[in-house]
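Visitor: Letter by letter, the chains look like this.
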Amino acid sequence: MSTNLALAKRPRQKDHPLWFLIPALVVLVVFFFVPTLFNFVYAFTDWSSFKSAINFAGIDNFTSLFTNGTLLNSLKVTLVYAVLVAVFQNAFGLGLALLLERDTRINRAVRVAFFVPVIMSALAVGYIFQALLKPDGALNAILGWVSGAEVSIPWLGDTTWTIVVVAIVHSWKWMGLSMLIYLAGLKTISDDVLEAGRLDGAGRWTMFRSIRFPLLAPAVTFNVATALLGSMNGFDIVQATTEGGPGGTTELLNIFIFRTFGQGLFAQATTMSLVLFLAVTILAFPVIRYLRKREDVL
Amino acid sequence: MSTTATAVRRAPRRRFRFSFQPVAAILVAVLVLGVPFWLVVATAGKDRAEALDPDLKAPSQWHLLDNFATVFTDGKMLPAFFGSLLVMVPAVVGVLILGSMAAWILGRRGGRLSAAIYALAISGIVLPPAVVTIVLLLRQLGLAGTALGMIGVYMGMYLSTVIFFVTGFVRTIPHELEEAARVDGAGPVRVFTRIILPLLRPVLATATILICLYIWNDVFYALFVIGGRIDTLPLNLYQVASAGLYLQNWHLIFAYIILMSLPLLITFMVAQRRIISGITSGAVK
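Read top to bottom, the protein sequences are chains A and B. Heads up, the first sequence is in this note's numbering, so the first residue is 639 and it goes up one at a time. Heads up, the second sequence is in this note's numbering, so the first residue is 7 and it goes up one at a time.
One or more hints might be untrue.
[Said to hold, decoys possible] A partial selection of chain B residues facing chain A, derived with a Cβ cut-off under 8 Å:
(1) Leu33
(2) Val34
(3) Trp110
(4) Leu216
(5) Tyr220
[Said to hold, decoys possible] Straight-line C-alpha distance at most 20 Å; calculated DMTMM-like pairs for lysine to aspartate or glutamate:
(6) B:Lys63 - A:Asp774
(7) A:Lys714 - A:Glu933
(8) A:Lys652 - B:Asp72
(9) A:Lys825 - A:Asp698
(10) A:Lys652 - B:Asp53
(11) B:Lys63 - B:Asp53
(12) A:Lys825 - A:Asp741
(13) B:Lys63 - A:Glu788
(14) B:Lys82 - B:Asp72
(15) A:Lys825 - A:Glu933
(16) A:Lys652 - B:Glu182
(17) A:Lys714 - A:Asp796
Calculated from the structure, these hints are not laboratory results. All of these numbers come straight from a predicted model, not from anything done at the bench. Using N, Cα and C, we set each Cβ at its ideal position, and we do this for glycine too.
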């Protein structure tokens, strides 16, 4: 081996041996990629707990899930839920960040308080809101006290609006995280830019709309992407509040997968798991790419 | 009281003008956080009859400690706590070590192969795990319902996150530091354990926090992999809350929620500054 200058300067390949990758790759392949590949196989079988043999079944699972409407329903519910969560979580997070932007002692304490739901179990949050949102629960009691009349809105029993309520609960749990990301984003905006805007006579709203919000693009990207991914993989909060009801109007793909798996219909659960995989792949990557592009324009 | 102290200290920089902002901030916190949290504490302090319909009234008599004792003994909390630790600790240690090893190589080596492996390795951040076929695979491996299987599943899920965070960090470490050790005759293993691993501490701290948060609170994947075999705190909460025996026992459910949230809550209170800066540093470039 001749050690000429160029080689000595650039790190040689054997200084970073490839075998360092092997343990991580083995775990990734065995516990992540192989099951994902299995998804594409077992979705086309009749695997269930009722018989020991697993036979090829073509696209039977897809046609039956499609014709009885569950596939489209769960897919629709999941997408609506994801969009609602992305909107609410970011609106709440940004609102809180703007409200608590200044570094006062009160603001710092309130920020910490808003982070508590983030570190709580999502299942626990779901149970708390199940109690809070009962027809004779605390929220209706407060509304009744404010309005002076008896209020008994079935927050978790409406076939149209419950998905919105549950999405708000999901956003309640995670808005502290979005707030922190937005606060960090607001901090990165240089004072010179803001000063220039102020000198040009921009009011608060113009400042926000034309200067601060566009400069928050990286924070928006992160928050929208994590909110979309988190809610498409959602389970805990919906399971703890509605279990997919009323009438399947909040039945996310993961709720369906869990329920069908519990019934022993493994192939159908696998099929829905594949649908979720495809939905995330088709949706998440373009969304992230779009948001990234928006950052570049600035 | 302490707020007035800072106000006085900062007074010279601020105009004496009444501001609605602190009032608004506190009002929002009380309405949005105070109501649900009070509901939890108040209900957890009631007896069964009073807690039947959870409301915001203060308990006529506080039974908080009695309820804690009940869920602790009847709710099998201690085994669940150790079950949670049993799957979380090895999984976190495992992803940190394997992830850093891989990230060091991926961050240092150029070329198409490394780029392809990196792209594949971090795809798990976005892609959802195939939860049903994981169970099938674990059965074939003889790991179904075991802690080892659960640890493997968690490692497979969160390795991507670690590799993503750490690779970015590795690229900021100057080559010269490694080079100096190499001149002294250190091999790759020595360079990694003595030079790189200690330098990765801040990013590993962030990753630890994030992954602990996910695993400690996970119920979905645990239901599939170890449900009914090993108890973890969230699994146990799920059983406590959905079992017929406990139905409508809101005082016990909320007492359980308080107790199971305490470990993370205390950790957060102690290390909040680090946690918050750690989480935000990764998100906004």
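Visitor: A separate judgement is required for each hint: does it hold in the structure or not?
Guide: Comparing the hints with the structure gives:
1. Leu33: violated, 10 Å
2. Val34: Interface hint status for B:Val34: holds (7 Å vs cutoff 8 Å).
3. Trp110: With Cβ-Cβ at 6 Å, under 8 Å, it holds.
4. Leu216: B:Leu216 check fails; min Cβ-Cβ to chain A is 11 Å, beyond 8 Å.
5. Tyr220: violated, 10 Å
6. B:Lys63 - A:Asp774: holds, 13 Å
7. A:Lys714 - A:Glu933: violated, 29 Å
8. A:Lys652 - B:Asp72: violated, 63 Å
9. A:Lys825 - A:Asp698: Since the Cα atoms of A:Lys825 and A:Asp698 sit roughly 54 Å apart, the hinted pair is violated (cutoff 20 Å).
10. A:Lys652 - B:Asp53: violated, 67 Å
11. B:Lys63 - B:Asp53: holds, 13 Å
12. A:Lys825 - A:Asp741: holds, 11 Å
13. B:Lys63 - A:Glu788: holds, 17 Å
14. B:Lys82 - B:Asp72: holds, 15 Å
15. A:Lys825 - A:Glu933: Holds: A:Lys825 and A:Glu933 sit about 17 Å apart, inside 20 Å.
16. A:Lys652 - B:Glu182: holds, 16 Å
17. A:Lys714 - A:Asp796: holds, 17 Å
The structure fails hints 1, 4, 5, 7, 8, 9, 10 (numbered hints given earlier, in ascending order).
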